[in-house]
Structure formats: structure tokens, C-alpha cells
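Listed below are the residues making up each chain.
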Amino acid sequence: MGQPSMNTLKVTLPESADSQALPQGNIKMSARDVKVFYGASEALHGINMDIYENEVVAFIGPSGCGKSTFLRCLNRMNDTIDSARVTGKVTLDDQDIYDPSLDVVQLRAQVGMVFQKPNPFPKSIFENIAYGPRLHGLVDNKTDLEEIVESSLRRAGLWNEVKDRLDAPGTGLSGGQQQRLCIARAIAVSPEVILMDEPCSALDPIATTIIEELIDELKGSYTIAIVTHNMQQAARVSDRTAFFHLGNLVELSATREIFTNPQDTRTEDYITGRFG
Amino acid sequence: MSNMLLITLLLGLMAIAYQLGLVRSKGVAATTSGTGVKMHSRPTYHAMLVALWVGVPAALIFAVWSLFQPGIIESMVLAQLPPEMMPATENDVRILLRRIHNLSGGFGLIEEAAAYELNAARYMAELRSISQMLMIALMASVAATALVWTRKRIHPLLRARNQVEQAVRVLLVACSAVAILTTIGIVLSMIGEAMRFFSFVSPMDFFFGTTWNPRFSTVGTDGQTGFGMLPLLWGTMMIALIALAVAVPVGLMAAIFLSEYASDRVRAVAKPIIEVLAGIPTIVYGFFALITVGPFLANFGASLGLEIRATSAITAGLVMGIMIIPFISSLSDDIITQVPKSLRDGSLGLGATKSETIRKVVLPAALPGIVGAILLAASRAIGETMIVVLAAGNSPVLTANPFEAVSTMTVTIVNQLTGDLDFASPQSLVAFALGLTLFVITLLLNVVALVIVRKYREQYE
Amino acid sequence: MKTTNMMPEDQLDLAQKRDRMQQRVKASLKRRHAQEKRFKGMGMAAVVTALAFVTLLFFTILSKGLPAFWQATLTLQVYFDPEVIRIDPKPEKRSDESEGAFQQRYLAWQTQLGFVNFNRIILDSLAREIPEAPEYQRDALRLVTSGERFALRGLVEKDPSIIGQTLTLDLLADANVDVWMKGNIDRNLPDAQQQLSARTRAWVDELQARGVIKSKFSTALFMNPDSRSSLASAGLAGAFMGSLMMMLIVMFLAVPVGVASAIYLEEFAPKNKLTDLIEVNINNLAAVPSIVFGLLGASVFILWFKMPLSAPLVGGLVLSLMTLPTVIIATRSTLKAIPPSIRQAALGIGASKVQSVFHHVLPLAIPGILTGAILGVAQALGETAPLLLIGMSSFVASVPATPFEQSTALPVQIYLWQGNELRNFFEARTSAAIIVLLALMITLNALAIWLRKKFETRW
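Residue numbers (the numbering used here), protein chains in the order written: chain A, 57 to 332; chain B, 1100 to 1560; chain C, 20 to 478.
Hint data in this document are derived by calculation from the structure and do not stem from the laboratory.
You may find that some hints are simply not true.
Said to hold, decoys possible - Calculated cross-link-like contacts (lysine-lysine; reagent style DSSO-like; alpha-carbon spacing at most 30 Å): (1) A:Lys219 x B:Lys1125; (2) A:Lys219 x A:Lys145; (3) B:Lys1453 x B:Lys1554; (4) C:Lys235 x B:Lys1440.
Said to hold, decoys possible - Going by beta-carbon spacing under 7 Å, a handful of chain C positions derived as facing chain B: (5) Ser47; (6) Leu48; (7) Arg50; (8) Arg51; (9) Ala53; (10) Phe58; (11) Met63; (12) Phe72; (13) Ile301; (14) Leu322; (15) Met326; (16) Leu340; (17) Ile357; (18) Ser360; (19) Leu408; (20) Ile433.
Everything numeric in this text was worked out from a predicted model, so none of it was measured.
C-beta atoms are modelled at their ideal positions from N, C-alpha and C, and glycine is treated no differently.
Take these sequences, add in the hints, and give me the full structure.
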């Protein structure tokens, strides 16, 4: 176990999570003393967290609290920002993902990501889904590929809506459909973990509900970490919830626990709407 | 009195008018200050209005007068010439007028002047001074009237500011019209001269003829004269294609490398250096092609057993390609950076490598913009002149061999229009027909490219 | 809704599938990373290629052109022999005489001076170094470039008191001497193919060994106009003056008109079909080949308005029209970058639209406008093709005093020189002219960059 950071001492140690009456599995990912620097300024001050297999964990907190930054550490998307620097240790199945010998390509095939704004490629719906499998050489022939596309779209609950127009451009779909297309695109490479960065913030309430139902369906087979600024959403979809504030992980416990009986006054202030 | 002096005087007069207007309007303002009537405009605006009224009409008179005076005086002088001395051809009339001009201006002539010429010169000088005096008198009286009238007009309710601003707007609109007038000028002058050319040579022969051989002999007397444009068009296209074949891969890859891979330091150094290529005058490229690239290619070809002429399509095309590299690279750079980061993230998040992301997501997304950039570059290559004048070898033949000398439309325009400018012969006029064709081709390319690029920008805004 | 967790066998299926996928991903890695490297390598190669072209271009021009700033020069004792220079005293203006009469007398004196055989003076000076020179006048006179006799005449005209004196003067050697000295001609060529006679060549070598002929920095390139009779003294002064006049015309025409029209389009013009058309029109005008502007100049200014051929005035007008779109586009983008809040603030306190533009927006835009204007002028400075079409390709041996006189321009001078038959002399001189032109352009561009840096505002 890593060093517990000062700010997170009281409630956020994984041990505290063990006490929750939750179906616990194996630890899928774990973070120890993760700090992120943008240039000289420190955006995350040593985060410790364990994420269990096939659970949904929600990250909440006011804007700029570091929840998205932390999420992006989990599949090394911070690498794409020139000024960002990450220290500490993040493991996936006990393997250090920042180890130089680990290939980031492979990591991202295992840890997929869905972004804030739906970002389908300017290609057909079929090509959007086929993109990942083709890149990674997951299929040998067209039939296999078609099968993957269909099963991914089915999983994402989009198949019935688009099966007749797989050649239509993905950008022509509605916002909610686009986001589900992006989820299907991520599923198509069979990841183990899916990171979702405020996936519903650009969507209307109905589309949001559909995505939330989808997350619920996926959670049996995928480990999901979701960033949201919508507390109701966190309450609805997640098993556990982590509260971030000013670059610290303040509290992490079972979702019901955190919303009914927060341990930290900052958490309480936030969920009762005293700041946000 | 010279024109310069007159303009200076007029400006001085405007300054005085401004001062007078300023004093007067301040006076008016002072008298009304207690009465509750507020001046609509500040005194400076009243003063400006006075100055404008004094200056602008007088300047207009000056401009119109200067435009028509020489013509009227010349015709008056010609009218009083003894009829037997009147030259027969238009050209001789021009020469005679020139002599009279010189005499009346006191420059002297190389040969002796005839008595009738001296008379005419004296008459011309006389007319000139009369006209000059008339003009000054007219300008002075208009300016004076305007000064008195507008000064008296100053009143608290006069909307001087609005009027001055209206004048400013009119001036601004007039300036914007210059760009339009230029286009109209280009189109009209080209069409006009090209029509005159087509009165000598049929458009069919010009556009579809395969022989380019404009003999400088009397027109139509010998059958070997050929005004077929195709060899020139072909040469133009061949060189432009070679140039694009050089510039597109290099420029595009350089843009990709600098925007996606290079560190900030490398980019800060390499980008401006590559852009230096865009600022170098084309004559310098031409010279470079002539003394360095051409001989190098010829030697290189010889070592391979190929016959490459020093001045050839390949030489001109290669150097033109170098010239276009920064054009392609900076346009592509703009376009590539406009592809939203979210698309890149989407691809990288799936585990794509950087190059896969660029090749499979960024470039396809940027394709319309890049096509637009290439079209713009093509239009530039087609219109480029000096490189081909120096390095293409000027040989208007239809050949598919890029190692041979060719000629282009621009080269031919230069060839036909340098030296004697005789605007009556098809040999000169053909330049305008070629220019018109060139203009239309580049215009089409530009319009299409601009539309594509604009659509592309809107897509990601 | 209900959570539908998967059955254990499904879970197993998924785990197997994931394993298989991971294997496949791993298998693809090597190929993909190699591809990545190749792609990056291609990009780097492209950048290196572009940089290599820049380097090669500058290296060629500099290595060819720099030596031309130093020219073979003879240092001779020149005796202004009163026996040869038989002229009246230089006329002074008398108080009782009219300007015209004095001019007449002065002209007569100049004519007298014009008849003096300055070749004789040069020959005599050469004879001090080469005793046999008078016997082989033709060979001896090929040593000094023919323009130098006019230089000597100029000295006498300026100060006739030097008659009778002996001065130590630097005289430019003939272009062929320069070529021979710099080794720009094969020394082993047979006599018939040499540009200088065997005797002259021997003299050059001898004088060079004695230090009488040396390569010296020459101001001829900057101070003299073009010349065809005395190639060694051909210079850029005329072209420079022509270019300068044209630049001034561009600055005083294209810049104000362009800025005014940009202000109108950006700040005042209603957004409608017409302004759309103007916008498209300006963008297209910016991409019209420069030679088309030359055709416009030839047809409108020369043919219709009967303006003089080869005049900087016409050149300046043509270049102004050509630069106009550049200035308009640059100014518009500067104005666009100024936040609307500035305008709203001015309008909000009761300024009129015109006042808000001229008092508040324009002052903020001035650095950007200046940068655009300078870049436009620099572009016009390097333009050649349109000038050829308005007659500027003719040879002009004088420095123009007014924009109505015949003149040439720097890039046109380069074009004319590169075509000169004495290739082995003019290749270097053309490169030197290019260096001068590029130096001017780099100065202008550096000025623009400096302005931009100094006044750059980030909104």
C-alpha cells in the first residue's frame, strides 16, 4: 500500500472502502500518490485510489477539482498534453501502466475512453466502429468485422436505430446517438475498463437517461469510471463515489453512504449545494 | 505655376479655412452658452466642415481641368495649323504634337524647328497660360464663396459632425470601390484587347490550334503563322504538375511534422526558415534555377545516360515546387490545426498511434481544406512567370518529355509584350488573349478553392 | 430498471475474448511502431528537404555574389597633363549675367571638356607602370574599364585646379580583367577563346604580382547606374532609385486606400450580397497572377492614358493595384482581432460610429496595419513580371530624377543582368544584385516582425 496522503487520511484509504457492504471483486486499477503537474503548477496532490473489477465508480467535485485530470491518468491520455507531467504509480491488473516497457497503445486498448463531447469521426457509422478493430488487427476478414460492429452496436443499444444506415455518416446522428456510437466504438476493441469523462454533459435529459441505462447494463462486464458534475447521475449509476476538491481526493465510499452520511464537511457542503 | 505648388496652396487654404471655422464656431458657442441652446457639434467638426467645403470643390475643379486641358489645347492647336502642314497619319500627328510640346516647354529640339511649328508652340504656350489662369480664378472664387457661405452657416443646430462623417464614409466607400474597379479594369481591358486579337485570328484556331509560331510578319500572308494556344497550355500544365508533385508531399509532410511531432524549439526555428522561401522574389528562384538547378540536373541526367536540358520543364517545375512548399505547408498547417482536438483524442483513446491518428482521422477530416490549399497552390504555379521565363527554355512544342524545353502562357505573354509595344498587331494582342485565358483559369481555381476552404472552416467552427 | 448481470459462462467468454484480443494487439505492435517511425521519419525528411533548399539557395547566391562586391582595381599615379587637358577656366556666374546666359557658357565649357582625350591621360598613367603600354594602346586600354575616363572628366569638372597635378587614384579594371584575376575563366583556353589578348593577360598578372591591381571593395555597384559600354562600372543606383520611387507610390497609394477600404468593409459596410461580392472579389484579386496586373497596366495606363513607358509612376500604379488586396486583407484581420467590447464601450458613452472607429479602434490596429503594409511593400519590391510588360525591361543608363522618366527596378535589373552575354562576369554581379535586393527585403520583413513583437496585444 502506498503512502496515505495527508488530506485523504481519514476516509479515503481503500481499507475504508472494504468496510462497505458492496459486492467486492478483485482490484482492477489502483493509484498510489498520483500527482499531476501542468508546467510548474501541481494540479493533483497525491491521489490514492483502488477501483474494483466490474464496478462503476463516479468522480464528483466542483469544476477544476482534478477529477477529469485523474481520469485521464488512468489511460495516460495526459501524455497528449505537452506540459503535463505525472508522478506516482498507477497499476492495471498489478502492472504499472507508466512503466516504460508498457506500450501505451496496448494500455488504451484495455482502458477505453468516452469523452465529454460526442466525437464520432467524420466517417460512416460502420467505419467509426470498425476503426479500432482494424487498427489493432483484431479481425482477419469482413465477416468478423461485421460481427464485431453489430455486437458493439447492440451492446450500446444503437443497433436497432442504425442497422439500416450503417453507411450514413456518424456525424449525422443525434447527440445522444453520437455518444452511444462513441461508447460502441470503445466497446469494439473489448476493453476491460471504460473511462467516461462527463459523457452526458452535452446531452438532453432523455438522451442522458438512455446513456445512464446503458452504463448500468455494461457494468457487469466492464469496469467503469465516470466523471460527472451531476450528483443525481452519480447517485443513479455508481456503486461508489469519489469526491474531489482542489486537487485532493477528499472522500471515497459507497454511493449511498456518501450522499446520506458524508464524513468530510467539504463533501457535505458540496452535496448540500453550499458551493459548486 | 506648377501643379505641386497649386496643391500646396490649396492645402494651405484649407488649413486657414479650418482655423477661421474654428474661431467662428467657438464664438458661436460662446454666445449661446448661456441661452440653453447647446451646440450640436463640437467646434472642430464645424471647422472641418468649412475646410472640406473650401478644399473639395476646388480640388474637383482642378482634377477635371487637368484631365481635359491637354486634349482640348491639343485639338485647338491642331485646328489652327496651316492645312497643308497637317500630317496624314495619326502617328505623325503624335510626333508633331510632341515637337510642339517640346518647343513650347522650352526644351529645344534636335533639328531646326519650322516656322509653323514655332507659331503653334507659341499659341500652345499662350493657351496654356490662359487656361491655367482661368482655372486658378475659378478655383479661387469657388473656394472663397464656399468659405464665406459655410462660415456664415455655422449655427448651434447645424449637424456638422454628421456631415463630416458622411464625407468620411463617402471617402471610405470610394476606396473600397478601387478593388472592384481593378477587377472590372482587368476584365474589360483583357476582353477588349482579346476581342481585337480575335478579329485577326479565329478563336477556334487560338484555343485548339497545336502550332505556336507567331511570325512577326504581315498577318495572314504566309500560312506558317500559328496562334494555337495548346502547346503553351500544355507546357503550363506540365510545369505546374511537376511543381505540385514536388511541393505537395514535402509541404504536407513538413506541416504534419512541425505541427504534430516537432518540439516547440524545433518548430520555432524551422517554421520561419521555411516561410522565408515564400518571401524570396521569383526572379531569384529563376536565377537559382538557371545557374544551379539546371546545370545540376543536366549533369545528373548525363551520369544516368539521360538527356536532360538545363532549361527544361523539369528544372522550372522543380524550382517552382520549392517556391510553393511554404505555401502548401503553412496552409496545411492552418487546416490541420483546425481539426478539433476531440477527434484526435477519440482516436488516441482507442489506442491508435500518432501516425495512425494523423493518417486515418486527421488527414481525412482535413482533406477538403488540403484540396483547397492545393488548388490555390496550383493557381499560383500556373500564373508564375519569372521562373519559367528563365528556366523553362522557351520552346513552344507539344512534348510529353519533361526533360525537354517547353514554353508557358506567362512566358509567351512576356515575350510578346516586351520590346516594341505595337498594340495593333496580333503578335502583341495575343498576349491579352493568353492573359484572359490565364485569368479565367486561375479565377476558377481560386473560386473553387476558396469555396471549399470556407465550407471546411465553417464545418469546424 | 434492473441490472442484468451476465451469466458466469458469458463472463468466461468475455475474458477469453479479451485475452485473444490482447494477444492480437500485442502482435500488431511491432509493425505499427515501425510504421510510426517511418511516418515520423518522412516528416522529418520533408522538413530537412525544405531547410536544405533554403540553405542551398542562400549558399549559391552568397557564394556567387559576395566576391562581386570586391572588384579588380588599379591604383595609378594619374597626371592631369595640361598639354592634354586644354580647356578654358571654369566659368563663374557673373553678377550682371542672367541664369540662361550662364548656363549657355557653362554648357560650352562642358562641351570643350567633353572633347578632351582622357584615354590619353589613362595611357600615360599606365605607362608609368608598364613602359611598353604606349606602343600597344589597344591592349593597354583594355586594362581600365572605359567608364573611368568619364570619372576622370568628372573630377576635372568638379575641381579644375587638379590640372597639372599628379593624383594617386583607384581606377576600376575592365570586367574581363576582373574575370581573369578571379579565375572565372579557364586560363588554359587558347588565345582565340580568351576575352583578353595574351599581352594584356601577361600585364594583369605582372601588375597583380606588383600590387598595382588588387581586389578592392567597390562602391560602383551602389553608386553607378547601369552601363553597357563599361561593364565593370555597371551599378544599381538607377534601379534602386526606380524601386524606391515605386515603393513610395505604393506606400502613399495602396496603403491609405487599402486601409480605408478595409475599415469600410469591416466596420461600416452592411452585410449583404454586394459586400459579399466585394469580399470574394478581394480574395480573388489577391490570387490573380501578377503578370495579369502587368497586362492591365499595359492596356490601361500605357495604351489608354498614354502614360510614358518604363516610368516608375506606371510601375508604382501597377504595383499599388497588386498590393492593395494584401493590405486590405491584413488590415481586416487586424480589425477583426480587436474585441467588440472596445467599440461598444465607445458607442456606449455616446461616440458616433465614425468616432468609435477612428478614435478607439484604429489606434489599436495601427501596429497590425503597419506590419501588413510593410509586408505588402516588400512583396511589391520583389515583383518583376508586371514591370516587364510596361516597358521596364529596357536598358536605362541614368538615375531617374522624377517618376516620369525612364527607369528600371532592382528585380528587373537582375533580370537584365542575368541575360548579359559576359556570363562569367555578370553571374557574380547578378548574384550581388540579388544579395542587395534580399537584404532590403529582409530588412523590411525584420521591421515588420519587430513591429509586431513590440506592439503585439493579446485580447
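Unsatisfied constraints (hint numbers, rising): Hint check: 1, 2, 4, 5, 6, 7, 9, 15, 17 and 18 fail, others pass.
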